[in-house]
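**Q** So the chains spell out like this:
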Amino acid sequence: MALTVFKKPEAMSKNITHYCPGCTHGVIHRLVAEALDELGLRERTVGIAPVGCAVLAYNYFTVDFQEAAHGRAPAMATGLKRTRPDLIVFTYQGDGDLASIGTAEIIHAANRGEKITVIFVNNAIYGMTGGQLAPTTMPGQVTTTSPQGRNVAEMGYPLRVADMLATLRTPAYIARTAVHTPQMVVQAKQCIKRAFDYQARGVCFSLVEVLSTCPTNWGIAPVESTAWLEQNMAPYFPIREYKRPEEA
Amino acid sequence: MGERLLMKGNEAIGEAAILAGCRAYFCYPITPQTEVAEYLARRMPEVGGVFLQGESEVAVGYMLFGAAAGGSKVFTTSSSPGVSLLAEAMSYLAAAELPVVIGNVMRNGPGLGGILPAQADYFQATKGGGHGDYRCLVLAPASVQEAVDMMLLAFAKAEEYRVPVLLLADGMIGQMMEPVEFPVFAEPPSRYTSGHEEWATTGARGRGQHLVKTLFLNPDAAWAHNLKLKAKYDRIEANEVRYEAVDTQGEMDVLIVSFGTMARVCRTAMETLQDKGLKVGMIRPISLYPFPAQAIREAASRSRLVVSVELSMGQMVEDVDRAVQGKAPVRWYGKAGGLVPVPDDVSAAILGMVEG
Amino acid sequence: MQHEVVFAGFGGQGIMLAGQILAYSAMEEGFNVVWLPSYGPEMRGGTANCSVVISDRPVASPIVPRPGTAVVMNNPSMERFGPAVKPGGCLLVNSSLVNLKCDRSDVKTILIPANQMAIDLGSGKAANMIVLGAYVGATGAVSFDVLTSFVRKKFASKPQFVELNVKALTAGRDLAAAAVRGGN
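Chains as they are written, first to last, in the working numbering: chain A, 1 to 248; chain B, 1 to 356; chain C, 1 to 184.
Same shape as in the complex, but just chain A:
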C-alpha cells in the first residue's frame, strides 16, 4: 500500500494559479492553506481578497471568500469578524493595496486590535497594473512610473510596514519573513501558522509580512530574483518577529 507523504492541502482548490513564473504568491497561498489544515480551521475560515495580483486568490482556496476594494480588506475583515466572532478571518494583501491606498485601514484595524490575521505580501512593486512604483519599491529601483529609478528625494524611502505597526501597543503578533529559500519557506510557514493559531485562541491582531519576488515586473529571470531579494530587500526589510503576545 502506498504511503502519502505529500498532498495538496484540503484548504487549496484544484485550480491552477494564474501567477507568473517565479512569483511566490503560490507558495504563500500554500503555506496559508497548510496552516489552516493543520490547525483544523478550514471550515470556519473566511478570506478577504485584495485588489492586485491576488485579487483572484479565492480561486485557489476552498474556504469562503469576500473580495474587497483596493486597500479596504482590513475594514471588511473588521465588519465580518465583529459580527461573526467565531469565524477565522484573514486578509491577503499586496504592498500597493495595504501600504499605499489602504494605509488608514491597516493601521486602524491593527490599532483597534481586530482579531484578524493579515498576510502582507511585499514584492516592492505593483504587479497587476504592470510594474509601477510601490511604497515599498527600493531606492533606485526602476519601475514604469520611476523610469530613472526611485528617487528618495522625491518619493521618500520604502515603507517598512511591519516595523511601523510594531510600534503600536495593541497588535499581538507582527513578523516579517520571506519565501525565497527552502529554509525561509519553513520559517514563513511557522510564522503564518503562529498568526492563525493566535487568532484561533482569541488573541488580537496578527500580521505576517512576506517578502516576495516579482521577476516579470522586476525584469529579471526567476532564479536571479531570489538573489535580488536577498541582496536588496532583505537588508532593508529585516526578517524577524517584531512582536509576540508572550512578550507583551
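Simulated from the structure, these hints should not be mistaken for laboratory data. C-beta atoms are modelled at their ideal positions from N, C-alpha and C, and glycine is treated no differently. Be a bit skeptical, because a hint or two may be false.
Here are the computed distance ranges between Cβ atoms for each label pair [to be verified]: (1) B:M313 x C:K86: 28 to 34 Å; (2) B:E46 x C:L111: 45 to 51 Å; (3) B:P183 x C:N99: 50 to 56 Å; (4) C:N75 x B:M313: 14 to 20 Å; (5) B:K327 x C:N99: 57 to 63 Å; (6) C:L100 x A:I107: 51 to 57 Å; (7) B:P183 x C:K101: 51 to 57 Å; (8) A:G149 x B:S194: 53 to 59 Å; (9) C:K86 x B:V246: 21 to 27 Å; (10) C:M1 x B:D253: 27 to 33 Å; (11) B:A238 x C:P87: 50 to 56 Å; (12) A:I107 x C:D145: 57 to 63 Å.
Pairs of lysine-lysine, DSBU-like flavour, derived with a Cα cap of 30 Å [stated by the list, open to error]: (13) B:K335 x A:K189; (14) C:K108 x B:K276; (15) C:K86 x B:K335.
Part of the chain C face toward chain B, derived, beta carbon under 10 Å [to be verified]: (16) A26; (17) S61; (18) P65; (19) R66.
Once you have looked at the hints, place chains B and C on chain A.
**A** For chains B and C alone, kept in the frame of chain A given last:
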C-alpha cells in the same frame, strides 16, 4: 403599537434599526446625524449588538460589506460629505447584491458646505454617487414617525431585493422631536438576513465555497451580471413606487412636487394659495428611486403649472420634467446653502409664477 | 387650534429643555407637536433657540418664521425674535437680562424678571421654568396641571428639583396670567 414617545428623529432612526433586528452599526461622526451614533453607542451593547466607530466613512462602507456578506443586517448613518466617501462602497455593495441600510441626514453643500438642512444630495442618491450601473432604493421621510416606519421598510426591502437602501432625510428630520410610536412585534426579527445561508460567508462547513465578489473580468459574465441587476431594478421600479397625493383631484392651477420636510412647508403654503382661490395640489414622492413619474404625469395633465420645490438649486426638477413629458410647464423653486424657505416664501414664489 | 412658540436665549439657559418639556406636555395631552432646535456651532456658547408647534391637526410646516409667541431670554434673542412675532401675538421678555425695548403695539409684551424670580425661589437655574410657566399662563397652550405633573414625573429621581421647578412654573404662570388679565 407601543406607547407614544417624543423622540428626536436621529434617535428614533437608531431605535428603529434595533427594532428591525439590526445588531450591527458602523459609523463615523458627522453633524447633523451624530446623535444616531451616540444613541446606538449606548443601545447596541444593551441588545448584544455591535457598535463600532470606524476610522473614516470609506472604511465604514467596507465594514458594512464585510458584515453584510457574513449574513448580518447592517446599518450606518452619515451626512452629505460622509456619504460621498461611502459612495465607493455603495457601488461594491450594490454589485455584490448585499442588503444594507444607509441613512443620509443631508446637510448643505457642495464641498464642506455647512451643517444646515438641505436636499442637495438628490442626484447623488438617485443617480449613483459611486461608479457603474447601480441603483439604491431611496426613501425620503417627512416626519419622525415616517422615518421610523421607513426604517422597518428599508430593512425589509434591502433583504427582499438584496440592494442598498438609502434613507434620505434632511437635517431637520434628524434634529426635530415629534411623537412617535414603535410597532411591537410578537416575534423579534432576526439579526441575520433571511436566506443568507445560501450565499453568505459563514465558513465552508460541509458545503462548497461561498464567494461574495464584484469582479467580472470576462465581458460576457459582466454583461450577464449587469442584466441581472437591471432586472432587479426593473422589479423595484414596478413594485416600490411610493408617494402621497394631496388635493390632486380635478383640474388644478398648480401641482407642487416636493419631498421630505420641504413638502411639509409646502403643505402650509398650499393653504395660503388655496385661500387666495387657487386650486393647488401636491405630490410628495416618498420613494425618490423609484420615482413616482406616472402619478406626477397623470396629475400634471390636469394642471396648468407644475412646480418642483426643493432644498437644492434644482435637482429633482429634472425628474419631474422628465415625468411630465411636456403636459404642463415645469418650474423650480428652492433655496440652498442651509436656508429653508418658509411657507410664505413658497406661496409668494408660486403666486409669482402663476401671475407672471 | 395651533400654537407656535420660539424659546430663545444663551446656550446654558435651559431653553431647549423648556421647549422639550412643553412638547412632552402637549403630547401627553394628546396634541400633535414638533420641537425643532437650532443646531450647530451656535449652540456652543452663543445663542440658541428652539421652536414648538402644538396643534390638534397634523403639523405641516415645522418651521416657525412668525411665531405666535416668542420667549426671549437675552438681548440678541430680543433683536432677532421681537420683530418676528405674529401681529396679535405675545412677547415674553426676561427683563432680568433684556434691556432692549420692543416698541411694537401690535403684540402683547409681558416683562418677566425671570432670573431674579428664580433666585428668590432658591436657584437662578430655574429661570427657564419661570418663563415656561409664564408661556402657559399667557397662552393656555397646554393644561398647567399636565405640565406640572409631567415635570414631577421627569424629575422624580431628583425630588429637590421637583418642588423648585413646580414653584417656578407656578410663579411664572401667575405673573403672566395677571398680566394678561390686567392688560399689563
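**Q** Please go over all the hints and tell whether each is borne out by the structure.
**A** Against the structure, the hints come out as follows:
{"no.": "1", "hint": "B:M313 x C:K86: 28 to 34 Å", "result": "31 Å, holds"}
{"no.": "2", "hint": "B:E46 x C:L111: 45 to 51 Å", "result": "47 Å, holds"}
{"no.": "3", "hint": "B:P183 x C:N99: 50 to 56 Å", "result": "52 Å, holds"}
{"no.": "4", "hint": "C:N75 x B:M313: 14 to 20 Å", "result": "36 Å, violated"}
{"no.": "5", "hint": "B:K327 x C:N99: 57 to 63 Å", "result": "59 Å, holds"}
{"no.": "6", "hint": "C:L100 x A:I107: 51 to 57 Å", "result": "54 Å, holds"}
{"no.": "7", "hint": "B:P183 x C:K101: 51 to 57 Å", "result": "52 Å, holds"}
{"no.": "8", "hint": "A:G149 x B:S194: 53 to 59 Å", "result": "57 Å, holds"}
{"no.": "9", "hint": "C:K86 x B:V246: 21 to 27 Å", "result": "25 Å, holds"}
{"no.": "10", "hint": "C:M1 x B:D253: 27 to 33 Å", "result": "29 Å, holds"}
{"no.": "11", "hint": "B:A238 x C:P87: 50 to 56 Å", "result": "52 Å, holds"}
{"no.": "12", "hint": "A:I107 x C:D145: 57 to 63 Å", "result": "59 Å, holds"}
{"no.": "13", "hint": "B:K335 x A:K189", "result": "63 Å, violated"}
{"no.": "14", "hint": "C:K108 x B:K276", "result": "29 Å, holds"}
{"no.": "15", "hint": "C:K86 x B:K335", "result": "24 Å, holds"}
{"no.": "16", "hint": "A26", "result": "9 Å, holds"}
{"no.": "17", "hint": "S61", "result": "4 Å, holds"}
{"no.": "18", "hint": "P65", "result": "4 Å, holds"}
{"no.": "19", "hint": "R66", "result": "8 Å, holds"}
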